[in-house]
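Starting from the given sequences, assemble the full structure and let the hints guide the process.
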Amino acid sequence: MDKNPFSLTGRHVLVTGASSGIGRAIAVESSRAGARVTVLGRDQNRLAQTLSALEGDGHEMNALDLNHADALERMVLGLDGVDGVVHAAGITRTAPAKFISQDDFQEIMSVNVQAPMELTRQLLQHKKINKAASLVFISSVVGGIMPYKGQGVYAASKGALSAYAKVLALELSARKIRANSISPAMVRTRLLDSVNIDAATLDADEQRYPLGYGTPEDVAWAAVYLLSDASRWMTGSNLVIDGGVTLT
Amino acid sequence: MDVNEFVNAFAAEFEETDPSEFTAGTSFKDLGEWSSLTSLSVISMIKLKYGVIVSGLDVNKCTTVADVFALVKKSNG
Ligand SMILES: NC(=O)c1ccc[n+]([C@@H]2O[C@H](COP(=O)([O-])OP(=O)(O)OC[C@H]3O[C@@H](n4cnc5c(N)ncnc54)[C@H](OP(=O)(O)O)[C@@H]3O)[C@@H](O)[C@H]2O)c1
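Chains as they are written, first to last, in my numbering: chain D, 1 to 248; chain G, 1 to 77.
Derived by calculation from the structure, the hints in this document are not laboratory data.
Treat the hints with caution; some may be incorrect.
As the list claims (entries may be wrong) - To give an idea of the chain D side of the interface with chain G (calculated C-beta under 7 Å), a few residues:
hint	residue
1	A95
2	P96
3	F99
4	Q114
5	K149
6	G150
7	D198
Given the structure is predicted, the values throughout are model-derived calculations rather than measurements.
Glycine included, every Cβ here is placed at the ideal spot set by N, Cα and C.
Listed below in structure tokens is the structure:
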């Protein structure tokens, strides 16, 4: 019988931002689909919690700051070849355009854009990306589809990330390596704490969503699809997954 | 921390409303220009100038500029 095209059995998947929220759900759901997962994040304790939530054997964790080039390179050098990479680490801050500081800009861009580009460069340079691998970038509807006030740098960072994924898709297609981004709308995670919106405003915002806000698993299942052979004809796409909010 | 200085900084976040309309007693949410963006601007100004993070909800609970000032003073210890 043919293998289930949605299965990740026998695949090694690297997930950044796996110590929390969407990245954690992606790591867990990938393991449930059969993958061996290497999880990255900064916070040791939260990352260890993710590791212990993974199904199956052979998973590994590596706590590091993605913006520390040396630590990143050490991690990459010690890594087995990967069949999938999910870039889920990301941050934001809220400031209207006239208050965006150089600090806000540097910090958000370095985590949301520079780190995934640098990790990809190192993985390619050190020949750690296996043939027919799938690269997934967690972007956002805020990156050019549905603006939110106060999210100027975040929007710019996510727009940049989705655009970069398309170039990568073109460059790597000769080796059947695919690159896609996912643009979710609002999901309740720790990220929302840094946006400084209160519960009442969030509840009102959620009313705009035909299917309500999403859960980390809703995004994770899209990522599992993109990591699997079921999406083997899909590259350079930006999968919008938004509970219908952009219809309204 | 001076309340008049705060009122001036608060007024500076408005583009259309004349600064002379602002006093400590102004009910700012009744101003035509009050919006989610002016709220974000006021929050950013408070963070930059006073090093204090207040939430949109906190600000929305206030009636007058003086109420917001009290919030900043309280958070500033
Ligand atoms: N939540 C939403 O509504 C939403 C919507 C659309 C897109 N997204 C995107 O989804 C992704 C995941 O977000 P989330 O909502 O799950 O947020 P989250 O719960 O705050 O998780 C963010 C993750 O990024 C990691 N991270 C941040 N800075 C890092 C750095 N310098 N080095 C290494 N890791 C770093 C964090 O690690 P530590 O916790 O260990 O520090 C954490 O694992 C982000 O790219 C975000 O932009 C979120």
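task: Kindly indicate which numbered hints from before are broken by the structure, ordering the numbers from low to high.
output: 4
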